[in-house]
Amino acid sequence: MSYYEEDDLPRFSEMGKHRPDLFEKFMAWYGACQEDGALSRREKALIGLAVAHALQCPYCIDAYSQSCLESGSNMEQMTEAIHMASALRGGASLIHGLQAHHSVDKVSM
Amino acid sequence: MTTVNLPVIDSRLQVAPRAHLDFNEKLAAHGTELRRAAGVETLQVNVGKLCNQACQHCHVDASPTRTEIMTGEVIEQVVAALRRLRIPTLDITGGAPELNPSFRHLVTEARALGTHVLVRHNLTVMFEPGQEDLPEFFRAHAVEVVCSLPYFLEQQTDAQRGRGVFDKSIEALRRLNRVGYGIVGSDLVLNLVYNPVGAFLPPAQSSIESDFKRELLARYGVTFNRLYTITNMPIKRFLDYLRRTNNEERYMRKLVEAFNPHAVEGVMCRTLVSVDWTGRLYDCDFNQMIELGVAPELPQTIDQFDPAPFAARRIMTGAHCFGCTAGAGSSCGGAVIRG
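Protein chains in written order, with this note's numbering: chain L, 1210 to 1318; chain F, 98 to 436.
Same shape as in the complex, but just chain L (with noise of 0.2 Å):
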């Protein structure tokens, strides 16, 4: 067995099972943050592939590849999007950097 199986993403309301109550109202405001609304469906799979590549999960990656397909955008911005995730993954690490300094500072003459 592999930790993450493909086959997983189509049982995911098998969550549901011990708790179906609190499943219910995770699938309830899940369902409705996808809808149009001041942000199209479209630009909402985006900030979802974005996300799911900051997060770095396979399922997510894989679903919200289809969304945004599914929603008209093209390769070309879907990888805009993952350049934004990564950047801010990337520049969050580096402006830890000062931390660092900072942690440096305090004990250098």
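Among the clues, some could well be false.
Unchecked claim - Computed footprint of chain L on chain F; a stretch qualifies when at least three of its residues, placed anywhere within it, have a C-beta under 8 Å from a C-beta of chain L:
id : segment
1  : 240 to 253
2  : 391 to 401
To be verified - To give a feel for the contact side, a few chain L residues facing chain F, derived at Cβ under 10 Å:
id : residue
3  : Gln1243
4  : Asp1245
5  : Arg1251
6  : Gln1275
If you are wondering where the hints come from, they were derived from the structure by calculation, not from laboratory data.
Note that CB positions come from ideal geometry on N, CA and C, so glycine has one too.
Put chain F on the given structure of chain L with help from the hints.
Chain F alone, transformed into the frame defined by chain L:
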């Protein structure tokens, strides 16, 4: 989100098997059924499987090597049916229908009868020998032109339709624009068809239409009227692709999960009769390709065709029908539910 148990697929079949994917069962579960409307609004005639292209998603399996072509004799039977029955619309498809030697005769005769004629045109056939004047021919007969263009970028279009197809398609669209098709203030209608370039569902028609309009104008100076989104049907060459890429089960699950009972009312088979190159009748072009004829109690060929017994009759279905009822639905005229 629910789990759908899918069967093991027999690779010899040309269509996904009905077990566990029973379309009529699904309809019944939603308290509905699929029957014909009172009248027939469109006669869709497939004049042959010969095509200058061999697209990856083609449900006809059309290609330059196909030899099935409607003869002049059957074309005359189609014209006679139009004359006799006064069906409002003739929808001509193929293959590349223009490659049938009797194509122009069929268009001319149908227009002389006052029939609205729609041609499913692949754009690149315009560059085949003897076809260079197609834009002028279409204009002279006020034909509605419906063109395949799966995306406004070269990579996606060529991946589906073959190398070099995108550039030729853009040039063909420019020629159609030049003779007055798809431009503001003109009555000459130029519609485009979007098919997903792969095993996924089409986006919302209105949303992708605005993208096409913006991008085709900005990048290539091309304009058109409407964009129709059509779902790829899991039969013939697209089914082969699904199997080759191990996508069949996932795609079928996607179609079944996206079943939309509200799309059933608007599917084309309710008001359309499809004719194959030999003159046989079907409920739609997809049924035609898997040789699933109209209900056996109905007239079977175009020379015997009479719309009266078709009224409210059952429509022959298969697992591929989930393709027309997924999401916003899909028909030869695009999404069934406009949004």
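We went through each hint and held it up to the structure:
Restraint check on the segment 240 to 253 of chain F versus chain L: 4 residues with Cβ-Cβ distances below 8 Å, three needed, restraint holds. By the rule of at least three residues with a Cβ nearer than 8 Å to a Cβ of chain L, the coverage given for the segment 391 to 401 of chain F is violated, with 0 such residues. Because the smallest distance between the Cβ of Gln1243/L and any Cβ of chain F comes to about 12 Å, over 10 Å, the interface hint for this residue is violated. Proximity of Asp1245/L to chain F holds as hinted, the smallest CB-CB distance being about 9 Å (cut-off 10 Å).
Of the supplied interface hints, the one on Arg1251/L holds, with its beta-carbon coming within about 7 Å of a beta-carbon of chain F, less than 10 Å. At its closest, the beta carbon of Gln1275/L sits 6 Å from a beta carbon of chain F; the interface hint therefore holds under the 10 Å criterion.
This entry does not satisfy hints 2, 3, going by the numbered hints stated previously.
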